[in-house]
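Chemist: The lines below spell out each chain.
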Amino acid sequence: MKYLIVLIAALVAQPAWAYLDPGTGSMLLQVILGGIAAIGVALKLGWHKIRAALGFRKKPVADDEQEREVS
Amino acid sequence: MSRSEKSPDVASPTVNGIDAGSFRDRDGRIYRCEGRILRGLSERALADYRKLAETAFFRRFTEAGKLVETREVATDAVPLPDAEKARWAGFLEHEPVPVISYAYEWTFGMLQEAAVLTLDLLEAAIGADMTLKDATPYNVQFVAGRPVFIDIPSFETLQAGATWAGYRQFCEMFLFPLMLQAYKGIDIQPMMRSRIDGVGVQTMARLFGFRDRFRKGAFAHVWLQAKLDSRYGATRQDVRSELKSAGFSKELILANVRKTRKLVRKLSWGGEGSEWGGYEEFHNYSESDHALKERFVEDAVRESGAATVWDIGANTGQFSRIAARHADKVLAMDIDHYAVERMYRRNTADGIDNILPLVQNVCDPSPNWGWRNRERSDLVSRARPDLVLCLALIHHVVITANVPLEEFVEWLASLTEQLVIEYVSRADDKVQALLRNKEDKYHDYSRENLEAALASHFEVRERLSLESGNRFLYFCKKT
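In order, the protein sequences belong to chains A and B. When the letters of the first sequence are read in order and numbered with the numbering used here, they come out as residues 1 to 71. When the letters of the second sequence are read in order and numbered with the numbering used here, they come out as residues 72 to 550.
Please keep in mind that the hints were generated in silico from the structure rather than gathered at the bench. Among the hints, erroneous ones may be present.
Here are some, though not all, of the chain A residues that point toward chain B, as calculated from beta-carbon distances under 8 Å [said to hold, decoys possible]:
#1 Gly23
#2 Gly25
#3 Ser26
#4 Ile39
#5 Gly40
#6 Leu45
In silico contact screen, one side only, chain B against chain A (beta carbon under 7 Å); selected entries [said to hold, decoys possible]:
#7 Gly232
#8 Trp235
#9 Phe279
#10 Asp283
#11 Ala291
#12 Thr306
#13 Val310
#14 Leu323
What you are looking at is a predicted structure, and each value in this text was computed from that prediction instead of being measured. C-beta: ideal position from N, C-alpha, C; glycine also.
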C-alpha cells in the first residue's frame with residue numbers, strides 16, 4: 001500500500017526550481033508515512049492534479065510553465 | 072527534588088539581560104534577571120499560552136514534572152526596563168533549570184527520552200487542538216535526572232489542515248542521530264556539535280548505504296524524505312494549501328507521531344565501539360586499594376562542604392554516586408559515551424536524581440557557538456564547581472591528549488577552589504599501556520611535577536598512597 005501511495009505521489013510530482021523551501025518534501029512525506037490513514041488525502045491530492053492536467057479545472061500555476069514564461 | 076530547584080549557579084550568556092540563545096522564535100524572548108527566568112510573549116503567543124494553561128494535559132504534564140513550572144506574571148511586576156516591557160503583550164516566569172545541558176553532551180538514552188517526551192507532548196497537544204511549532208532537543212532539559220520540556224511557547228493553536236510542522240526538524244535533531252548511533256555506531260555528540268540544526272536529510276541519506284535502506288524506518292524517513300526533499304525542495308507550488316484542501320487532518324498527524332514514537336522506542340544501542348564502558352569491572356587495583364580510594368573521596372567531599380561537585384573522567388559514575396550522597400548536585404563527565412550511558416541508566420534505575428551525566432572531553436570541551444558564538448555556551452558559563460574530582464584522569468590528559476601537566480593543573484585551579492586529584496605513576500599498567508607505542512616525551516609527567524604544580528595554586532590538605540605504590544591521592548584547597 002505504501003508503495004502505491006509513493007507511486008501516486010511520484011506521478012503527480014512536478015519538477016521544481018528556484019528558492020529553497022526545505023520543508024516541502026517533508027510535508028508530502030507525511031502523507032506517505034500516514035499509510036492507510038492517508039489514502040484519502042493521497043488520492044485527493046492526486047485527483048486535483050489529474051483534474052487540472054485534464055483541463056477540467058484551472059491549472060494551478062505550474063512551475064515549468066512559469067519558468068518558460070520567464071525565460 | 073528540592074535540591075535541584077535552586078537557581079542556576081551561572082546564567083547562560085545574556086545581552087542586556089536577554090538570553091543569547093532564544094532569538095529564533097519572534098513570538099517570544101527569554102530574559103534572565105535577578106536569578107529569575109522571564110519570557111516576553113507576543114499577543115498571539117500570549118493567547119496561545121492562556122489556551123494551553125486551561126488544558127488538562129498541560130496540568131498533567133506539569134504535575135508530573137515533565138513541563139517546566141510556569142506562571143503568567145503581570146508586566147508591572149517584571150523587573151525589566153520599560154523599553155523591553157513595551158515589546159511584549161505579556162510575560163511568563165519559569166522555574167530555573169539548575170544546569171543547562173545540550174544534546175551534544177547527552178547520551179543516546181537521554182536523547183531518546185527527550186525525543187519520546189517531545190512526541191508525548193505533541194500527541195497530547197493535538198488532542199487539545201494545539202501543536203508544537205518545532206521539535207528540537209534544545210527545548211528539553213534534564214532536571215533531577217529526568218527530561219523536562221521548557222519551551223512553553225512552542226505550543227500553539229493547531230490550524231485546520233496543518234501538517235506536523237516540526238517533523239523534519241524532529242528527524243534532523245532526534246531521529247537521525249539516534250538512528251546513526253543505533254544502526255551504525257556513530258556517536259551522536261560530534262554529529263550534534265558540528266551542525267547546530269542537527270543531521271541534515273541529505274547528509275543522512277549519504278551516510279546510509281544501500282543496505283541501510285532496509286533498516287527499520289530508514290526507507291521512509293531517510294531515503295524517501297531525501298528524494299522528496301531534493302525533488303520538491305525548491306518548488307513554487309503551495310503544497311501547504313494543497314495538503315489542506317486534500318483533507319490533511321490531525322488524525323494523520325497523530326498516526327505519524329505514534330508511528331515515529333514506536334520507531335524511536337525500538338532503537339537501541341549496546342555500546343558497540345566503547346573502550347571504557349566496562350572499566351569499573353576491570354580496574355587494575357586491589358579491592359583494598361579500591362576501598363581506601365572510596366573512603367578518601369567520600370571524606371574529602373564531606374569535608375569540602377561542596378554544593379556542586381564536578382567529577383571529570385567519571386567513567387560509569389562510581390565516585391559521582393559517592394559524591395552525590397553529600398553534595399546537592401554532581402556533574403559527572405566522561406569522554407566515553409557508553410560509560411556515561413551506563414551511568415545514566417543506572418542512576419535512573421536507582422532513582423538517583425542529583426547527578427547530571429554528561430559526555431564531555433575536558434581536552435575538547437563544549438564550545439561557545441551558533442549565532443554570534445553565543446547561542447550555545449561552554450560548560451563553565453553554565454555551571455561552576457565547588458569541588459572537582461579528577462580521578463585516574465591526569466595520565467590521559469598529559470600522555471594521550473598531550474596537554475602539559477602544568478597547564479592542566481592551572482586550568483583546574485581556574486575552575487575550582489577545591490580539588491581531589493589522583494596521580495597514576497609511570498609504573499602503573501594503565502600508564503605503561505599508553506606509552507607502549509608512543510615515544511615518551513612526557514618528561515613533565517612525574518609525581519614531583521604534579522606536587523609542585525599543585526603547590527603553586529593549592530594547599531594539599533590530605534594525601535594518600537595506595538598500597539600498590541602506584542597511585543596517589545591529594546585533596547587540595549586554594550590557600
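Chemist: Next, verify each hint and record whether it holds.
Modeler: Structure-based check of each hint:
1. Gly23: holds (6 Å)
2. Gly25: At 3 Å from the nearest chain B Cβ, Gly25 of chain A passes the 8 Å test, so the hint holds.
3. Ser26: Given a least distance of 4 Å, the restraint on Ser26 of chain A holds.
4. Ile39: violated (11 Å)
5. Gly40: holds (6 Å)
6. Leu45: holds (4 Å)
7. Gly232: violated (10 Å)
8. Trp235: holds (6 Å)
9. Phe279: Phe279 of chain B check fails; min Cβ-Cβ to chain A is 16 Å, beyond 7 Å.
10. Asp283: With Cβ-Cβ at 18 Å, over 7 Å, it is violated.
11. Ala291: holds (6 Å)
12. Thr306: holds (4 Å)
13. Val310: holds (5 Å)
14. Leu323: Because about 5 Å separates Leu323 of chain B from the closest Cβ in chain A, which is inside the 7 Å limit, the hint holds.
The structure shown violates the earlier hints numbered 4, 7, 9 and 10.
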